[in-house]
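Q: The chain contents come next:
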Amino acid sequence: MSLKIVVLAKQVPDTRNVGKDAMTPEGTVNRAALPAIFNPEDLNALEQALRLKDQFPGSTVQILTMGPGRAAAIIREGLFRGADGGYLLTDRAFAGADTLATSYALATAIRKIGDFDIIIGGRQAIDGDTAQVGPQVAEKLGLTQITYAEEILKVDEAKKHITVKRHIDGGVETVEGPLPIVITVNGSATPCRPRNAKLVMKYKRALGAQEKAAITQNGKTLPYAELYEKKPYLNLMEWSVSDVNGDLVQCGLSGSPTKVKAIQNIVFQTKESKTITGNDKDVENLIIELLANHTIG
Amino acid sequence: MNNIFVYCEIEGTTVADVSLELLSKGRKLANQLGCQLEAVVAGTNLKDIEKQVLPYGVDKLHIFDAPGLFPYTSMPHTSVLVNLFREEKPQICLMGATVIGRDLGPRVSSALTSGLTADCTALEIGAHEDKKAGKTYENLLYQIRPAFGGNIVATIVNPEHRPQMATVREGVMKKEILDPNYKGEIINHDVNKYVNDTDYIVRVIERHVEKAKNNLKGSPIIVSGGYGVGSKENFGLLYELAKELHAEVGASRAAVDAGFCEHDRQIGQTGVTVRPKLYIACGISGQIQHIAGMKESGIIISINSDENAPINNIADYVIIGTIEEVIPKMIKYYKQNSK
Chain F
1 MSLKIVVLAK
11 QVPDTRNVGK
21 DAMTPEGTVN
31 RAALPAIFNP
41 EDLNALEQAL
51 RLKDQFPGST
61 VQILTMGPGR
71 AAAIIREGLF
81 RGADGGYLLT
91 DRAFAGADTL
101 ATSYALATAI
111 RKIGDFDIII
121 GGRQAIDGDT
131 AQVGPQVAEK
141 LGLTQITYAE
151 EILKVDEAKK
161 HITVKRHIDG
171 GVETVEGPLP
181 IVITVNGSAT
191 PCRPRNAKLV
201 MKYKRALGAQ
211 EKAAITQNGK
221 TLPYAELYEK
231 KPYLNLMEWS
241 VSDVNGDLVQ
251 CGLSGSPTKV
261 KAIQNIVFQT
271 KESKTITGND
281 KDVENLIIEL
291 LANHTIG
Chain A
1001 MNNIFVYCEI
1011 EGTTVADVSL
1021 ELLSKGRKLA
1031 NQLGCQLEAV
1041 VAGTNLKDIE
1051 KQVLPYGVDK
1061 LHIFDAPGLF
1071 PYTSMPHTSV
1081 LVNLFREEKP
1091 QICLMGATVI
1101 GRDLGPRVSS
1111 ALTSGLTADC
1121 TALEIGAHED
1131 KKAGKTYENL
1141 LYQIRPAFGG
1151 NIVATIVNPE
1161 HRPQMATVRE
1171 GVMKKEILDP
1181 NYKGEIINHD
1191 VNKYVNDTDY
1201 IVRVIERHVE
1211 KAKNNLKGSP
1221 IIVSGGYGVG
1231 SKENFGLLYE
1241 LAKELHAEVG
1251 ASRAAVDAGF
1261 CEHDRQIGQT
1271 GVTVRPKLYI
1281 ACGISGQIQH
1291 IAGMKESGII
1301 ISINSDENAP
1311 INNIADYVII
1321 GTIEEVIPKM
1331 IKYYKQNSK
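Protein sequences appear in the order of chains F and A.
With the numbering used here, the residue at position 202 of the first sequence is 202, and numbering never jumps.
With the numbering used here, the residue at position 109 of the second sequence is 1109, and numbering never jumps.
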């Protein structure tokens, strides 16, 4: 048996390691100061996909991502770890998309990919933490979903069934669903395997069209230009709105029912606080004070 | 028509706390908007379920009672809400930011092409002016949530699409019974009119739910640790202090991610929201997601070697020092003085 698997992956700013220069003095986010990374839970999803590929020879794993030209790095990273290929959905018309417009765009691209058994992605992305895109893609494709997956336990080809262990509030459950299906994976699932040295050698020069254009924009020539003709797999696929027959009204800002009304920088209301040292006398006085006003004891 | 709907989550035959909290919030929003509050329950053997729901001020309760609706699976519950909402056209729909709410909400919003905001920390009613379109909207739901890793707080509105949908975590809103004898209308729906047989395609083979192992939500004192605690071993100090004070131990996301503490003790936007009498923050820098989950604590003590840690701004007492140094002293002087 072989499976056709599409991994949904997103390039995100690393919001977990926000330095002091991450916010501008005006209180907006300085995206340039944040490194762009492979969304962590999408890596957990990739690992589940690669395990199925190991288990069922002949299976293929394709990465689908949406973003600017530099997001081709996500496909490359996937290739380094064992994916077979990928698609970068990239167009100005996709910009400003909320989760609904994002899932619309992804669903149109998945329809274009066509033949698939499993769509799998991380539960949520660290720049939004919404966990909405997976279920919304499923709904748009008319498929069911299994969210919060911990592990794919079994795929039964004859019955076209998949068995998944998932987290629920206060526990776990094992569910069985039909293929094709959309699955979202938790960060607590098995971590992704590291890059494979051979695959890094094979794909390190793989580039998307916009990345190539960025290299050659000042009249520079593309290094190893002949390689891209000899080895077509080094040309990473980019799709625009028209490539996936997208309806412009449903894409980007215009396809987004939610609007950001206001953004506030985090300014805590400073309380009048009492600062003490960690020396014995200070700590003892504090404890005595807390006991006296019945906060403790 | 045009009312506020709350989707009530069911475990067995019990309505989840988060849903009751949202009914209380929904009641207040309904009063403000001059509309009714309606609730939806979907499950199996829901006899007398109204007794759990109506006292929160619910004007109309929609009951969907059929085998196969418990345990929850995505498709049947989506069909219930999507088809009901097509008839009832709610202006607002609230659900818990639980595993179920975060599985169901996006599916429903996608089917209705309505906007959904996840994990709101506040909900308000207000106006919105779209300057580009030259339009002003009255009485929109302000969906307020930390965003971008908690470095900003965003207010989201859905001007054109209905229902305006939002999920809210357990503990964020307060549960308050309005009137134990509140009179609301009960509608027992014919489930077959809303759910297709083909919707029951995911089978729950095995299910294991435990009551929460800790009592973070109910504990009057919480000793909580962040990344600055440094190690799992140092977290042991927090447990020692907690034992003395009859407190529970909590953690920030950074500490949980670093493996210092179990996930079910995480406090903050993506964990539990708490409001204890005393909150002792140990080595917690104070990212907004964490603050969102504990800022309503009565007294906050911050123990931190960094005097500029953001959490110090909301603390009542700041102790400048390391965990290893300060906590043993707190235990020592508590023992000495509490007798």
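Please keep in mind that the hints were generated in silico from the structure rather than gathered at the bench.
Don't take every hint at face value.
With beta-carbon atoms standing in for the labels, derived distance ranges [claimed, not checked]:
hint : chain 1 : residue 1 : chain 2 : residue 2 : range
1    : A       : E1176     : F       : R193      : 49 to 55 Å
2    : A       : S1231     : F       : R193      : 23 to 29 Å
3    : A       : G1126     : F       : N265      : 17 to 23 Å
4    : A       : E1124     : F       : A32       : 30 to 36 Å
5    : F       : Y228      : A       : N1002     : 56 to 62 Å
6    : A       : E1124     : F       : L222      : 33 to 39 Å
7    : F       : Q217      : A       : V1209     : 34 to 40 Å
Ideal Cβ placement from N, Cα and C applies to all residues, glycine included.
Q: Are the hints correct? Go through all of them and say.
A: Results for each hint:
1. At roughly 50 Å, the beta carbons of E1176(A) and R193(F) sit within the given window of 49 to 55 Å.
2. For S1231(A) paired with R193(F), a C-beta distance near 27 Å keeps the hint of 23 to 29 Å intact.
3. Range check, G1126(A) to N265(F): Cβ separation about 20 Å, and the 17 to 23 Å hint holds.
4. Under the hint 30 to 36 Å, the C-beta atoms of E1124(A) and A32(F), about 33 Å apart, fit the expected range.
5. Between Y228(F) and N1002(A) the Cβ separation comes to about 58 Å, which falls inside the hinted range of 56 to 62 Å.
6. Between E1124(A) and L222(F) the beta carbons are some 54 Å apart, a value that contradicts the proposed interval 33 to 39 Å.
7. The hinted range of 34 to 40 Å is not satisfied by Q217(F) and V1209(A), whose Cβ atoms lie roughly 57 Å apart.
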